[in-house]
Amino acid sequence: MTQHYELLYLVAATMTEEEVHKVREQVKRILTKYESKITLEESQGKKRLAYPVDKNHQGYYELLEFDLESAKLVELERELRLSNELLRHIVVKKTPKTAGKGLLKVTRVSAKPDLDLANQTPMTPKIASKPQPTAVEKKDDSSKPRLKLEDLDEKLDEILEGDIM
Amino acid sequence: MMNKQRNSNDILTKPKVCYFCLNNVQIIDYKDTQLLRKFLSSYSKIVPRKRSAVCSAHQRELANAIKRARVMALLPFTTK
Ligand SMILES: [Zn+2]
Chain D
1 MTQHYELLYL VAATMTEEEV HKVREQVKRI LTKYESKITL EESQGKKRLA YPVDKNHQGY
61 YELLEFDLES AKLVELEREL RLSNELLRHI VVKKTPKTAG KGLLKVTRVS AKPDLDLANQ
121 TPMTPKIASK PQPTAVEKKD DSSKPRLKLE DLDEKLDEIL EGDIM
Chain E
166 MMNKQRNSND ILTKPKVCYF CLNNVQIIDY KDTQLLRKFL SSYSKIVPRK RSAVCSAHQR
226 ELANAIKRAR VMALLPFTTK
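Here the protein sequences come in this chain order: D and E. Taking the working numbering, I'd label the letters of the first sequence as residues 1 to 165. Taking the working numbering, I'd label the letters of the second sequence as residues 166 to 245.
Note that these hints are calculated values from the structure, not bench results. Note that the coordinates shown come from a computational prediction; the quantities given were computed from them, not determined experimentally. Positions of the beta carbon are idealized from the N, C-alpha and C atoms, including for glycine. It is possible that part of the hints are untrue.
Where chain E lies over chain D, by a calculated footprint (3+ residues, C-beta under 8 angstroms) [stated by the list, open to error]:
| # | stretch |
| --- | --- |
| 1 | 26-38 |
| 2 | 50-64 |
Some, not all, of what chain D presents toward chain E, calculated at C-beta under 10 angstroms [as the list claims (entries may be wrong)]:
| # | residue |
| --- | --- |
| 3 | Y9 |
| 4 | L10 |
| 5 | Q44 |
Just chain D, same shape as in the assembly:
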């Protein structure tokens, strides 16, 4: 069965642009060797690594999407693992093909007003018994949940830090 996959790999930043380009070609050669059809190619650029990998603190991330006969995946992965230029790589199934960008991020707003209402109620019980706060109030809060999540994280970190140490 043909599946759609996504490959992300990491190349050491000590390499020159040219060498990275070579690696890119080499990986593509491996992919085509297993008769995969590459549908997307994207260099994510040089990034700082979250932890040093083989003494590298920075690396180039390269992304590829491709269709592949799933039976051939094991062999392909083996070959990728054996190539020394790749510090890390990961192949995952990709369910919706990335045709253009931003396909997934469309439906956002609809659920919000009600939930904001729920957010407001606890500290002001009197309002809670009323069916609805004013429309203006709702609009002011529209950007809130996201901020609150960060606030919350920070505060809880503060609280918990005391506990752990």
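Chain D is already provided as a structure; the job is to place chain E with the ligand on it using the hints.
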């Protein structure tokens, strides 16, 4: 002053909703480190559901995404 108190009270008592359900996210991308970092503690541990209010289905996906990101050195396994 008043405002601050209100906020902290808010945090302790407010029944919250899963971030991913709220934003209608079906697939959590392991490459989206900016988002994933919000669900890491200051020691880079995965924040428990109790704290982040993420629903169990999304917490599973989230945990998988964070672990993938860690393997790729996009996120730390630990800090300090
Ligand atoms: Zn959820």
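Evaluated hints:
1. 26-38: violated (count 0)
2. 50-64: Coverage by chain E holds here, the residue count being 6 at a Cβ distance below 8 angstroms.
3. Y9: holds (9 angstroms)
4. L10: holds (6 angstroms)
5. Q44: Where the cut-off is 10 angstroms and the nearest Cβ of chain E is about 8 angstroms from D/Q44, the hint holds.
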